[in-house]
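J.: Using the sequences provided together with the hints, build the complete structure.
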Amino acid sequence: MVEDVLEIDDSVFDAEVLKSDKPVLIDFWAPWCGPCRAISPLVEELASEFGDKIKFVKCNVDENPITPGKYGIRSIPTLMFFKDGNVVDQVIGMVARSKLKEVINKIL
Amino acid sequence: MKSVDYELVIIGGGPAGLTAGLYAARAGLNVILIEKIVPGGQVLTTDWIENYPGFPEGISGPDLIWKMTEQVKKFDLNIESNEVISLDLSAPVKKIKLNDRTVTSHTIIIATGASPSKLGIPGEDIFWGRGLSTCATCDAPFFKDKIVAAVGGGNTAVQESIFLTKFVKKVYLIHRRDQLRATKILQERAFANDKIEFIWDSVLISIDGLTNVEKITVKNVKTGDTKKISVDGCFIWTGITPNTEFLKNEVKVDDYGFIIVDSNMQSSVPGVFAAGDVRSTGLRQIVTAAGDAASAVFSAEHYIENL
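Residue numbers (numbering that gives the first Met the number 0), protein chains in the order written: chain A, 0 to 107; chain B, 0 to 306.
If you are wondering where the hints come from, they were derived from the structure by calculation, not from laboratory data. A quick note: this is a predicted structure, and the numbers were derived from the prediction, not measured. Worth double-checking, as some hints may not be accurate.
What the hints assert, rightly or not - Covered stretches of chain B, as calculated for chain A (at least 3 residues, CB under 8 Å):
1) 33–39
2) 56–68
3) 135–147
Ideal Cβ positions, reconstructed from N, Cα and C, are used throughout, including at glycine.
T.: Below you can see the structure in the form of structure tokens.
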């Protein structure tokens, strides 16, 4: 699998997400979360489709507690959309590809 | 025979859909499985399964699904990520409207499963993902050493509450009756677990907090008394609602919206079958979903042969 989705940690969150010049979709996940592992291929597919316009990153909440804590994440998978350093939308739980595309098209 | 795109369209990729896919692909039917998100369904949120035969040590929900997916791939089952918008069952050739096109088929197996029911109480929509959850295996670690509430008294509520105690300090298990509906072995484990405190004869009436869940209000259905309890999270397992939005009134359903089928898994429309949690039945298990699906494919094959 091509690395379309960049794995980030707390230390680079500011640089990779908040200061990104492109909108960012961040996938908060953990290895023990079945639905997270299940949707990760879907996120990868979306990354190969929209990767030129949106930056796709993922954050393992187990290893990086600071970022999810800061954004009040209590449920995963959570997909959060950032634009110019601000949260513009978020999707919690497993949702259909059509719904994700709808959100992506809205923020583009 | 009229020309159709498929002999069988399977809608849904949980245990019922994947089993139907396995049987149909192995039987050489011209079949497609339509899955809206990714294969798995509710099983993906199940921590540990001890009652699916063949796994004496037990198996996690996601692992079981991946094994099922691997197995259907051996028989080259065509799985498409798409969404069924509506069905037109007015003619023997059934029309299935998808996101981007309409396909035709002689038979359909509806295996769309069910989703956790909502309570319809204040706070429920606001706190979703902010302390309110229906997936303990996903979210329990966020509540390490915290206090949570769980609502329900069936197998899911009791099993998942026990799972929560691996992480949390305390679980208030709120149930509207004075005894659990869950199977005996789960009841015994729950009663023996000193992290679970039962709140009997009570229902949840609201969820409150600033940005996250902070408090719940429960009402005793016998006395009418209400009380507020401070919690950091709340898990709701009070039952399931069938995933049948696309169905409109095309097939007969029971009072709760589950599809009524005969012993061959056929619905009120010949050639349209239902399997697994979406059908009207007294027992919803992975093993019954798989069994339903095998019967449904057998019936679909019989239907096709007699066209």
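J.: Indicate, hint by hint, whether the structure satisfies it.
T.: Hint by hint, here is what the structure shows:
1. Counting residues of the segment 33–39 of chain B whose beta-carbon sits less than 8 Å from any beta-carbon of chain A gives 5, enough to reach three: the coverage restraint holds.
2. As drawn, the segment 56–68 of chain B meets chain A at 4 residues by the rule of a beta-carbon pair under 8 Å; at three or more, the given contact holds.
3. Under a criterion of three residues with beta carbons nearer than 8 Å to beta carbons of chain A, the stated coverage of the segment 135–147 of chain B is upheld, 6 such residues being counted.
Taken one by one, the earlier hints all hold for this structure without exception.
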